[in-house]
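Chain order of the listed sequences is A and B. For what it's worth, this note's numbering labels the leading residue of the first sequence as -1, then goes sequentially. For what it's worth, this note's numbering labels the leading residue of the second sequence as 528, then goes sequentially.
Lysine-lysine pairs mimicking DSS-like chemistry, simulated, CA-CA at most 30 Å apart:
hint, chain 1, residue 1, chain 2, residue 2
1, A, K22, B, K661
2, A, K175, B, K661
3, A, K61, B, K595
4, A, K66, A, K175
5, B, K600, B, K653
No wet-lab data here; the hints were simulated from the structure.
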Amino acid sequence: MPSIEFRNICQYICNDVNLMVTDKELLVLLGHNGAGKTTLLNIVAGFIDYRGSVLLDGVPIDKIPANKRGIGYVSQNLDLFPHLTVDDNVAYGLRALKRHAEPEVTDRVSELLDMVRITHLAARYPRSLSGGEKQRVALARAIAPSPRVLLLDEPLSGLDTQTSKYLRVELRRIQHKLGITTMYVTHDLNEAEEVADRIAVIDKGRIEQVGRPEEVFFYPASRMVSDFVGTPNILDCAYCHNLGNGIVEVDCGGLPIIVPHDGNLVKRIALFPRDIYISDAPPPGPGVNRFVGRITSIKDTREGVRLEVKAGDNRLIAEVPHHIFEDMDLAVGKKVHLIMKLRRIRVYEDKNL
Amino acid sequence: MKRLSRIKPGWGILPIVIFLVVWEIVARLNLANGVLGDSFLSSLSRVLIGFCTGSLAGIGMGVLMGWKEIANKALNPIFSLLYPIPALGWLPLLMLWLGVNEALPITIIFICSFFPVLYNTITGVKNVDQGYVKTARALGASDRRILTTVVIPLALPNIFTGLRLEAGMAWRVIIAAEMVAIPTGIGALMMKAESLIRIDIIIVCLIVLAVMCLSFEKFFAYMEERLTRQWR
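Using the sequences and the hints given, assemble the complete structure.
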């Protein structure tokens, strides 16, 4: 399967995009609505005009029309042909290309329906399918003509959380099995982390950062990326001591923090502001991950009140709901107690050490 | 058995009653002499030829104009200008151009069928979600294949709406045309009956007209249902 390379791509929204998707990789394009994610997919698919060059396996495809690019495409709406049954939908690409005799088409369709586990739906029309079933049909249809690359534009956006989670695993299984180079668009960080080999964060038509999911999370390259992943507190770990039973103690700026992990290679930890509790009185219970700090700034946001607290050598951001903030007597310079939620601490392991 | 039990007994008798009534009327009016049959066949052949050619032309042109924006921009102003002219409004001009022969009513029906089918087809083609077109293209389909396998099938409900409406209209127009300009057909028969003060013949002609309008409309409604019911 070929690599996809974007060279100096400019379009209405995209601004000098350079990006490489390597062979058999699943790259997630992550960004807010209107960031230019779908535009990049449309450029690869050949649906829109652009400046610059797109290369498949090193060969420019800019002059090749969309129907000859050999690309599998699943749109956000899935766009199953409503007047065709499931098996006719899946066979559409095979028949359009006229490379296979009808018995071969039938065999290939059966094989694909089996792969996505919807053999029993072959004779049904799309209107009678559930969201998850439609998604499977769309995927089978896209991969039926053995495309060179697969483009998925928020394919799980219309599904409930449970189905979406299940289908992500399925999708990853199929992508691995076929070894097909894939670009996947989403604005959901969790979804991106679950499916991606690498994530490309895009904003206002520019690629902000490309890296493995944990790299993007623990080493955000810009303020935008940090904001996008939820502005987590990211702390460097000076030492790491394995306490056994899946518990590790790390030292972060003078704070001995207990984290759930198995190994000795913890390089960084991260914790979202909402996962740090603030108390103006010493909290009861065991003293694990409880520290004392001093408030250095207070900022009111839509989600809650954000407190910057200096604890050890760290400046931690904690988020307190408005109503709780009003009940507590908090002010800049005041001493507070911090409780870090153990289970919410995310760990970055440096495998190169 | 369950299905049969749902049919009310009264409805089962209806076709027999209609048959007997028609038989009685035909016998009493002495219409079995072939005058009604000949006139009916004349009108029917005109409607069929005019309606089929007009509809096919309307569908073809509508697909072209709906699919290719340049064709729409080039032709729409002309058709928009001609569309408001009632089909019968062409009669004097066509009488001079074509003469009073079979081509005249057929052309009138052609005009009557063409425009509504054209505009319904344009709407149907334009309303097809571009997502389907993009998807088909990505799957390797050529423009022609997309048109025949995606766009036209999805535009069928709109096309059938045009056909259904115009099927009845074609009969109304042919009767009017035959009444004023053409010496044969159901319309002409009605005019002759009027001069002979044969109200019975006029009523039979009106019944035939009503039945034919209804049959044509029902036929297209049935076809639409048959072709699109499964997926709509």
